[in-house]
Amino acid sequence: MSTWMEILVAIFLLLGSAFSLVGAIGLYRLPDFFMRLHGPTKATTLGVGGMVIASMIYFAGQEQGISLHELLITLFLFITAPVSAHMLAKAAMQQKLSISEQTRGKPWEQ
9 MSTWMEILVA IFLLLGSAFS LVGAIGLYRL PDFFMRLHGP TKATTLGVGG MVIASMIYFA
69 GQEQGISLHE LLITLFLFIT APVSAHMLAK AAMQQKLSIS EQTRGKPWEQ
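Per my numbering, the sequence shown starts with residue 9, numbered consecutively.
Because the hints were derived from the structure by calculation, they are not lab data.
Bear in mind the structure is a predicted one, so any value in this text is a computation, not a measurement.
Where is the CB? At the ideal position from N, CA and C, for every residue including glycine.
One or more hints might be untrue.
Label pairs and their computed distance ranges (CB to CB) [to be verified]:
hint, residue 1, residue 2, range
1, Ile74, Ala100, 33 to 41 Å
2, Leu76, Glu109, 45 to 53 Å
3, Leu83, Ser25, 50 to 58 Å
4, Gln70, Arg112, 22 to 30 Å
5, Ala32, Gln103, 23 to 31 Å
6, Pro39, Ile87, 23 to 31 Å
Assemble the whole structure, with the sequences as input and the hints as a guide.
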């Protein structure tokens, strides 16, 4: 594999790792459920996407070509993450979970 492909793989791995780390820190540090929901659904989705792109580039450089598995993982991830976040938020709204004062929008109090 050429040096520029290795650099590209390293860049995407570092980007993916950084986004995943930001999502994990957000999950840990944010004060209530609704704020914590954004960490894993936004940042870690981009993080895993970056790692999958790095995997696609790596295996394309190994003379194996782009695998259908990586494309399916990416498609599945970008479809299921927003849907599951929406379902979790709707369930939390129905349960009327306690929220922080910093959370904006309180549809169940209207």
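(request) Hints the structure violates: just list their numbers, smallest first. (result) Those not satisfied are hints 3 and 4.
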